[in-house]
Amino acid sequence: MKLTALKPGTTGIIKAFTDLTLSIKLMEMGCLPGEQVTFERIAPLGDPIAISVSGYQLSLRKEEAATIIIEEVKYT
Amino acid sequence: MKVALVGNPNTGKSTLFNRLTGLNQKIGNFPGITVDKKTGHCKLPNGEQIEVIDLPGCYSLYPKSKDESIVLEVLTNSKNDAHPDLIIVIVDATNLKRNLLLFTQVADLKIPVILALNMIDAANKEKIIIDIDKLAQHLGVQVVPISARKNENIELLKQAIADAPAIALQRESIAINELAPGLISQIKADVKVKEDYVALLLAHQHEILDYLTVDESNHIESLEHANGFHSQESQTKETIARYAFIGDVLQHTVKQQPKRIVDTPTGKIDRLLTHQVWGFAIFLAVLMLIFQAIFSWAAYPMDLIERFFGWLDESGRQLMPPGVLADLLFDGILAGLGGVLVFIPQIAILFGFIAILEDTGYMARITFLMDKIMRKVGLNGKSVVPMIGGLACAVPSIMATRNIESWKDRIITIMVTPLVSCSARLPVYTLLISLVVPDEKHWGFLNLQGLALMAMYLIGVVGAILVAWVMKKIIQVKESSYFILELPVYRSPRWKNVFLTMYEKVKTFVLQVGKVIIAMSIILWVMATYGPPKRMKAVEAKYQTPAYQIKYSPDELEYHYAAERLENSYVGILGRTIEPVIRPLGFDWKIGIALITSFAAREVFVGTMATIYNMAEPEDDTSGIREKMANARDAVTGEPIYTVASAFSLMIFYAFAMQCLSTVAVVYRETKSWKWPAIQFAYMTALAYFASLLVYQLFK
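Protein sequence lines correspond, in order, to chains A and B. Those letters in the first sequence? Residues 1151 to 1226, per this note's numbering, in order. Those letters in the second sequence? Residues 77 to 776, per this note's numbering, in order.
Some hints could be false.
[What the hints assert, rightly or not] Derived Cβ-Cβ restraints for the label pairs, each shown as a range: (1) H301/B to P1183/A: 49 to 59 Å; (2) F766/B to L1195/A: 30 to 40 Å; (3) K751/B to V1223/A: 49 to 59 Å; (4) G1196/A to K78/B: 17 to 27 Å.
Keep in mind that the hints were calculated from the coordinates and are not lab data. These numbers were taken from a predicted model, which means no experiment stands behind them. Glycine included, C-beta positions come from ideal geometry on N, C-alpha and C.
Based on the sequences and whatever the hints tell you, model everything.
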């Protein structure tokens, strides 16, 4: 599923990227395959969003977040 | 010895730089580009004096913005003036993984390197336990835990600099040669670089590196083709390999509990500051505070500066014999200098606030809040700050666009920022509004004049947004705009940093922009003082006839003489020449002169009007000039010159026209070409002309 399919407050693990150019930038910023991401919140106007990854917060636009493929982690 | 500071943004690099160098620093320019080069000196425990260079913050050696590319340039070009003998990579100890990516890249350049673990106090608080010695062993470099903010272990870092080996001993992090085996050795041989990683970086980025010759760049390009090199794939491989190395190192050296951002203080503050309602309410309040500060706090120091120049002028003239030299010195240079320096308080306050917003981490939240709106019109969340700053002065605001990575977003921001009504328009607006808008209150609180003033500011902002939208449609680039931005942890501002920023920006403004303004003031003075000799002689002769000397008191005579000289000076002739063009806007030749002189700076308007309308001291009291202007009649029709139609037409002209040499100069400096200032000048003048034409023709 795409990162944007997560609900605020939920977490997933990065599996792949769909945009090569963007993936390089995202990896530089700590978004790596295997890394855990938490969807923190959506900006008041609906875009961009804030996620936390590698222990810090990152903001990115929805269209950019949609290039990150994740697998949701369900805590029980 | 030259030591360079390299690190991610928000790691406290500038704080460390200030700690190491104190006030012993200076800002220059890297040759050929507009990025500030901050250097300073530092004394080591062994008495050695070293030079410290603060390089712009970056996330990797693959630059995304102008500021970042300088890091690559300096570190890979051994002939660069700033090329260091030692690099200190400063990292945020609470976010080692991402921060170490840049470290491993820098280490592979094979320049001796020290790792400074900053914010070690915060890491301890978060229960992140770092085995410093083991980390040093794994990386093969000295590792110094510091807290730049609390001034802890800075001496230890200085000792480490003194102890640093002259050759690079760091451990290999990844097998670089495997990323592009044939290509790297060919580039090393043909372009004469020593290190594998430098060769690889050249393969990736030869197009943006200015120090390579065209031949070298083309040669690298053809080598890439011959070797089937795919830049993005190679970079992906490299990044993944580096993170694998980092993950391995961290596993052996760092113990930490997973943390949830929501539970941290930053998470809680964010819930308020990016709240759907409160987020915008607080942002508006912050804006109003800045706006208020720029106008009201700056008023007193600005008044002091003006008075100081008034005093300088007065006492200077008493000391110097009157004559052309004194006039040039006082009317030309001193007046020009005063015109520049009077903006210092506003610039200092604006940059003080910007520094506080950035330092606390709130700036990133503003862009987070505003990105969607701004993107609609072709701007970027990061354009908000320059546009707010535009209310004070376009010059520092255009300088503040540098952190916008997208070239297109940055250019559009630069192009529209001068449309936001700056403080220099304020005197023009207030004078003209007081002339034609009645000072009446409606419903007890709505002052018509205040309303008109607000309308002028709104027109500026709306104009900026519309133009940005049009430019978004016109400018076509392949580069895609993206918005991937760190939301740093909230911190209290470091006041020393704030004051240093204010000081630096003011200095840059005075030195770089001041030169242009002074030069222009001198030219204007010359053109307003001299005219074709024949005409000037005729005026002189006229005022020497006894009939004139009886008709007026000596003071009056002086005023009339000055006004008539101005009319016949080169500037005056110019005003007459352009009169047919500006007639349809409702302007006469006198306004024409003011328009021309205002091209140096808008605030010259009031002064010019005053001179033309025979006034001696325009600065302190505008009521005299107001009366004169209110009574001004058209010589032919006898109609008043300043009507609602012509005054608003004139204000609209001032709102849109590019009447500011300093802005032209700074746009040239920031875009490195005359193309953009030329386009900006042309579109703004056209916009001003047609908007004024419309207003005048509609309302007359």
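Outcome of the hint check:
no., hint, result
1, H301/B to P1183/A: 49 to 59 Å, "violated (30 Å)"
2, F766/B to L1195/A: 30 to 40 Å, "holds (33 Å)"
3, K751/B to V1223/A: 49 to 59 Å, "holds (51 Å)"
4, G1196/A to K78/B: 17 to 27 Å, "violated (49 Å)"
Hints 1, 4, counting from the list given before, are not met by this structure.
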